[in-house]
Amino acid sequence: MKFGIVVFPGSNCDRDVAYVTKSLLNQPTRMVWHQETDISDIDVVVLPGGFSYGDYLRCGAIAQFSPVMQQVVEHAKQGKFVLGICNGFQVLTEAGLLPGALVRNRDLHFICDRVPIKVKRTDLPWTSAYTAGQVLTLPIAHGEGRYYADADTLKALEDNGQVLFHYCTLTGETDDTGNPNGSLNNIAGICDRTGRVLGMMPHPERASDPLLGGTDGIKLFQGLLAKLADETLSSLSLAK
Amino acid sequence: MIHKYQARIYVTLRPSVLDPAGVAVESGLKQLSYDNVEQVRIGKYIELMISAANEETAHEQLDRICDQLLANPVIENYRFDLVEVAALMGALS
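The listed protein sequences correspond, in order, to chains A and B. With the numbering used here, the residue at position 223 of the first sequence is 223, and numbering never jumps. With the numbering used here, the residue at position 91 of the second sequence is 331, and numbering never jumps.
Simulated from the structure, these hints should not be mistaken for lab results. Glycine is no exception: its CB is placed at the ideal position from the N, C-alpha and C atoms. Watch out, some of these pointers could steer you wrong.
[As the list claims (entries may be wrong)] A partial selection of chain B residues facing chain A, derived with a Cβ cut-off under 7 Å: (1) PRO260; (2) ASN312; (3) VAL314; (4) ILE315; (5) LEU322.
[Said to hold, decoys possible] Not close to chain A: a few residues of chain B, all C-beta gaps over 10 Å, as computed: (6) HIS243; (7) VAL257; (8) ARG281; (9) LEU302.
Construct all of the structure, not just a fragment, from the sequences and the given hints.
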């Protein structure tokens, strides 16, 4: 599976993701400059963390109009996979690929920490290597990560099973004490209606190499790869 | 004839969105004993110059500009004032 990692001016987690997909998982990976207009060779697009365009105006606001973003929207329309991590999640909401918005943390602090994250459902490729209700430890690093959406949108997200990750306590309670930034419904990661576009504030790529003290993040990539391999196999056998 | 306008744009958080920065500033004001102050909300102020055939056209274009980029309708409201700064004759340009 070929990964394409979009590099906006100000992205700073792009190489961390490439290290995971290329060096740890041995997948073909290329960096995609934000001016590119052909990404048809890519299977999984990753919008990495960082501060695209200096986060001027609003986080992700200017990045959404990068030439490459039209291609990312097209990529998503074709039912291909898109992962937005941190700033990438913000870009996906600004671009309208995911509902809601990420606003200033409740307590105004930039939070750089490792926090417990609870996996809500595991029947999607992104979370297929986890168990339902599993509590992961993943790094977060953001100043504007408080998920906001109006009440109707929140209800629709929960009803449709679009919330994949919740902030929680060490014991898995999704209450206020387990909510680092004040996200509504403790939301840490959501997908679109198709389940193929995922946005999350936690950084799975920073919890993939054991040297960094945790490996709960790499299973997100491994689960996706395993499911994609299955899909390819079944489509090959259908073609026969 | 082309008219030039200065747009003064105010972007504010929608009332339903918590504004922790506003709350922090409000507590600062309370520290200064301004106990009669409440509901501090922090927004953005943007100025830009825009050329258009008339004010109506400028207004329509600014609406689009605000909806597309300057404000995020999910979390923000906007309003703006237009002030004509100069009426330039087409012949001069």
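Structure-based check of all given hints:
Contact between PRO260(B) and chain A, as hinted, is supported at the beta carbon level, the nearest pair being about 5 Å apart and thus within 7 Å. Given the 7 Å rule on beta carbons, the hint for ASN312(B) holds: about 6 Å separates it from the nearest Cβ of chain A. Among the interface hints, the one on VAL314(B) holds; its C-beta lies about 4 Å from the nearest C-beta in chain A, closer than the 7 Å criterion. Look at ILE315(B): its Cβ gets to within about 5 Å of chain A, closer than 7 Å, so that hint holds up.
The interface hint given for LEU322(B) is broken, as the beta carbon of that residue sits about 21 Å from the closest beta carbon of chain A, more than 7 Å. At roughly 27 Å, the least C-beta separation between HIS243(B) and chain A is larger than 10 Å, which holds for a residue marked as non-interface. Distance check for VAL257(B) against chain A: the nearest CB is about 6 Å away, which does not clear 10 Å, and the non-interface claim fails. The claim that ARG281(B) lies off the interface holds: its Cβ sits roughly 12 Å from the closest Cβ of chain A, which is beyond the 10 Å cut-off.
The claim that LEU302(B) is not at the interface with chain A holds, since no C-beta of that chain comes within 10 Å of its own (minimum 16 Å).
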